[in-house]
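In the order they appear, the protein sequences are chains B and E.
Residues 1 to 795 (my numbering) are what the first sequence spells out, left to right.
Residues 1 to 265 (my numbering) are what the second sequence spells out, left to right.
For the record, the hints were derived by calculation from the structure and aren't laboratory data.
A few of these clues could be false.
As a list, the in silico DSSO-like pairs of lysine-lysine whose alpha-carbon atoms are at most 30 Å apart [as the list claims (entries may be wrong)]: (1) B/Lys-726 <-> E/Lys-177; (2) B/Lys-455 <-> E/Lys-170; (3) B/Lys-174 <-> B/Lys-409.
None of the values given here were measured: they were computed from a predicted structure.
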Amino acid sequence: MGNVIGIGAAPKRKEDQRFLTGRGNYVSDIKRPGMTAGVFVRSPHGHAMLRGIDKTAALAAPGVIAVLTGDDVAADGLGSLPCGWGITDAKGVPMKEPPFPMLAQNKVRFVGDMVAVVIAETPEQANAAAELLEVNYEVLPSVVGVLEAIRPDAPQLFDDVPNNICCDWELGDKAAVEAAFKKAAHVAKLSLVNNRLIGNPMEPRAAIAEYEPGTDRFTLWTTSQFPHVVRFLMGALVLNIPQHKLRVVAPDVGGGFGVKQFHYGEEAVITWAAKRVRRPVKWVASRSEGYVSDRHGRDHVTEAELALDETGKFLAFRVNTLANMGGYLSTFGPNIPTNLYGPLLGGVYTTPAIYCNVKVVFTNTVPVDAYRGAGRPEATFVLERIVDVAAAEMGIDRVEIRRRNMIPKEAYPYQTPVLVQYDSGDPMGCLDGALVAADVKNFGIRKAASASKGKFRGLGYSTYVEACGLAPSRFAGRLGARGGLYESATVRVHPTGQVTVMIGTHNHGQGHETTFAQIVSDKLGVAFENVDIVFGDTDRVQFGMGTYGSRSLVVGGAALSKATDKVIAKGKKIASHLLEAAEVDIQFESGKFSVAGTDRSKTFEEIAGAAYVPHNYPLEVLEPGLEEQAYYDPVNFTYPGGCHIAEVEVDPETGTVTLVNYTAVDDVGTVINPMIVEGQLHGGIVQGVGQALFENAVYDEGSGQLLSGSLMDYCMPRADHLPMMKVATHSTLCTHTPMGVKGCGEVGTIGSPAAVINAVVDALSHLGVTHVDMPATPNRIWRLLQNASLPVAAE
Amino acid sequence: MKPFAYHQPDQIPDAAKLLTSIEDSKLVAGGMTLIPTLKQRLASPVALVDLSKLGNLKGITDDGATITIGAMTPHAVVAASKLVQTRIPALAALASMIGDPAVRSRGTIGGSVANNDPAADYPAGVLGLGATIVTSMREIAADKFFLGLFETALEPGEIITAVRLPVPLKAGYAKFKAPASRYALVGVFVAKFADGVRVAVTGAGPGVFRVPPMEAALSANFDPSAIAAIRIDTDGLTSDIHAEADYRAHLVTVMAKRAVDAALS
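Given only the sequences and the hints, what does the whole structure look like? Please build it.
Here it is as structure tokens:
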């Protein structure tokens with residue numbers, strides 16, 4: 001008999017038993033009888049007309065079963081890959097939404113765009129045949145940067161999308177902002193680039209599809225963060241497969257970070273092909289293939305202006321951004337740089353007027369979509385950078401200017417001028433905690449010690465808030481969401497009292513099997529080991545929107561909490577019957593149903609057993625069984641946030657930035673498992689540090705070639721890049737989620753880039769450096785120092 | 001990977017014969033460059049001739065004024081060798097900086113030198129020490145061995161059997177690692193001998209090269225200050241997304257100074 005392990009405890013993770021003993025079950029581990037191999041032929045050009053494909057040689061190659069192209073897709077009347085969001089411009093005109101065919105038709109629009117699939121007996125045979133496919137490309141000039149793409153003479157990706165602008169979106173009161181700027185004592189200005197990132201989950205994407213003629217059913221195993229959404233988008237909108245004839249399984253998935261929360265063409269092609277060849281088809285991406293086909297993240301060019309009064313109070317904030325969408329609209333694409341960006345520009349400050357314009361731009365690059373943080377790191381970076389710029393220009397201390405503008409704890413709930421209303425928070429408390437934890441008062445001593453070694457030391461702050469727990473459907477619907485954003489959970493109590501939970505979120509590293517079991521163990525008083533969490537299979541789980549946007553605990557956990565409450569309510573009915581007491585007199589506590597004021601009680605196990613042995617049940621008022629389901633749609637976003645403080649040392653000889661200290665004090669609401677929260681914060685911070693110092697997806701203008709298409713050229717952060725981090729929580733409870741939780745999956749990534757870059761600028765500020773674009777690579781820092789005419793240590 | 005024949009000869013003449021008789025055959029030593037290239041289908045040799053079963057290609061011997069390292073000796077063995085650590089500590093340090101533990105366990109000095117990757121570490125050490133490349137046919141001075149991007153003086157069928165390295169009075173290696181690949185963005189090997197100083201640079205250009213002005217300055221005064229003002233010409237240096245040519249040129253001076261520091265410490 002195990003123990004209850006409840007909310008606030010830190011048990012070892014249930015899932016690690018299989019992960020750490022090599023017994024995980026990933027898509028590429030799965031083998032099906034008669035399985036074939038699919039290999040995609042991808043465009044080597046950034047932009048080209050397709051002038052014909054000759055399959056003859058490929059079809060004649062050994063082991064080849066089929067070669068399918070865009071013409072075959074068109075002949076079968078299949079749909080285009082759908083976009084889940086439809087945004088509109090200031091006049092209400094819908095965004096331009098050109099089709100995204102699963103295999104290219106007439107034209108390719110990025111290096112990696114899929115042209116054909118070759119299906120053969122083995123992957124080697126498929127690869128060999130793929131090299132024999134003769135594709136006649138008429139190469140066109142590519143355009144990869146947003147500034148270049150909106151020029152009138154730029155290459156046009158689509159005939160009906162003038163100047164490559166998908167949507168000219170805006171948010172906020174433009175006139176109020178203009179008026180405030182006229183009254184400003186000071187205006188701070190900042191131009192910046194938010195660098196393009198590639199998610200690089202440990203496990204590359206993969207899919208296997210199988211068609212059973214006997215039942216006319218399809219099964220797709222895919223590396224997805226949201227199998228039910230794939231079933232809907234692919235089945236209903238692309239392949240015309242009825243929902244009840246399509247099973248989508250996302251088994252163990254080795255990291256997502258957003259990269260796997262989209263419906264991809266590969267899984268649709270593989271599923272379609274499986275029926276055509278009447279055999280299972282398996283595709284596993286290589287790392288190189290991932291670089292040119294996994295959706296990329298970020299990629300903004302921004303001009304920002306902050307108006308302040310003479311005391312440093314923010315009067316208005318104006319932001320103009322060009323956001324790169326890549327070659328097509330991906331599942332969430334246009335939502336990320338707009339709805340998940342503009343509403344965050346208020347930050348933790350009382351800025352009364354904000355205006356944001358975002359031009360969403362097509363280019364000859366991999367489609368851009370959500371990547372951990374998605375829109376919110378970009379917003380935080382603009383805001384937290386310009387606050388530092390303003391502070392420096394006005395001669396106000398960086399912490400002091402933040403304090404003067406921060407929303408006080410007692411002002412919550414706080415309505416911002418950009419749609420969102422923060423329910424709770426204490427940014428000042430997080431800041432105070434971080435100042436102490438980071439030992440800021442002794443920073444001068446450390447800076448002097450660095451100087452004595454010829455190094456420059458800097459300190460950077462980021463006080464931030466984000467919106468997560470995606471999302472209240474009503475709110476999202478107004479902003480253009482084409483689906484709901486609730487979550488569902490079923491709690492199945494077995495006759496012996498053990499519990500199986502079916503939940504619509506997907507665990508791909510976050511520790512859900514542990515966190516959710518703790519919630520059930522806590523609420524029902526059953527042993528932690530007697531709770532299993534089932535996810536990732538549309539045949540086993542009722543429905544779900546999946547895992548992204550720090551929503552699993554906030555929305556899925558809330559559904560689970562609600563379903564668990566329903567189990568308790570049903571249990572009370574059963575107890576009332578068994579104990580011959582009025583239902584209102586039944587209490588449930590610590591796994592026991594008892595009659596108030598008496599010693600009469602039944603254990604949870606006894607109630608569970610009785611639920612399935614309904615002898616003498618009053619069947620007209622009580623059904624047998626003990627299984628309850630709940631759907632939960634949040635009433636608001638949640639708003640975690642906090643204060644991050646980065647400390648860096650710059651070697652002026654080489655330009656190398658070393659992160660020497662990192663402190664984060666975050667408000668994530670109720671903490672279910674502190675070990676898992678700490679791990680999420682660590683991982684999130686590292687990804688933000690990666691953006692700030694190392695990662696950069698670089699395209700060649702003109703040819704559209706990805707120059708950073710491998711781990712040799714795209715620098716992922718590594719353990720030896722990082723100091724030990726100090727991570728703590730300073731929580732206020734969310735007022736509208738059942739357990740007070742706010743979510744913690746993205747906070748680290750959202751808060752950290754600005755903290756790191758602010759620290760780098762601080763380290764170099766005595767040389768007149770006011771901004772450093774990301775990533776702050778040695779070459780870039782050295783160049784800045786050259787331009788700053790630093791007498792570099794040529795002793 | 002495309003199919004290929006695989007040979008594992010146990011005599012050098014047999015290996016040489018396979019290499020010359022089969023068109024499009026390739027030697028494989030540790031395979032740290034070749035195997036990834038095969039996996040990406042960027043190379044498709046008809047046959048691989050594996051050197052791992054050839055006798056006497058592994059091991060390190062002390063010859064007095066020189067040490068000799070067998071061509072198939074892995075980097076990790078060189079890095080951990082008490083002999084190398086004592087006689088040429090800078091070379092042991094260089095070996096310890098190559099790649100990662102897996103690469104150091106598989107990759108060999110012969111493979112690295114024969115491949116002559118422009119950003120590999122060993123060419124800097126071999127050229128900096130003025131080593132001799134011993135092959136199945138002859139002995140080649142390092143100064144005549146490295147010919148440019150992935151090019152060497154090796155003839156078809158010629159197999160490196162060992163590298164013979166003069167023991168310097170002092171030597172140092174300083175490497176500025178490319179952040180992603182951990183190859184040398186710029187690596188500089190400095191070696192002081194009784195008759196002068198040699199300075200060899202890897203990573204900065206299309207192949208390893210010496211810096212005569214620095215050699216002259218350090219021969220006169222073996223101190224970092226002697227070369228602090230020497231800037232190398234950016235002409236012919238590599239410029240890519242990681243580092244522009246002028247930055248690489250600057251790093252050559254910085255790394256050379258640090259290599260001298262390391263030699264003196």
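A quick look at each hint next to the structure:
no.	hint	verdict
1	B/Lys-726 <-> E/Lys-177	holds (28 Å)
2	B/Lys-455 <-> E/Lys-170	holds (28 Å)
3	B/Lys-174 <-> B/Lys-409	holds (28 Å)
Of the numbered hints listed earlier, not one is contradicted by the structure.
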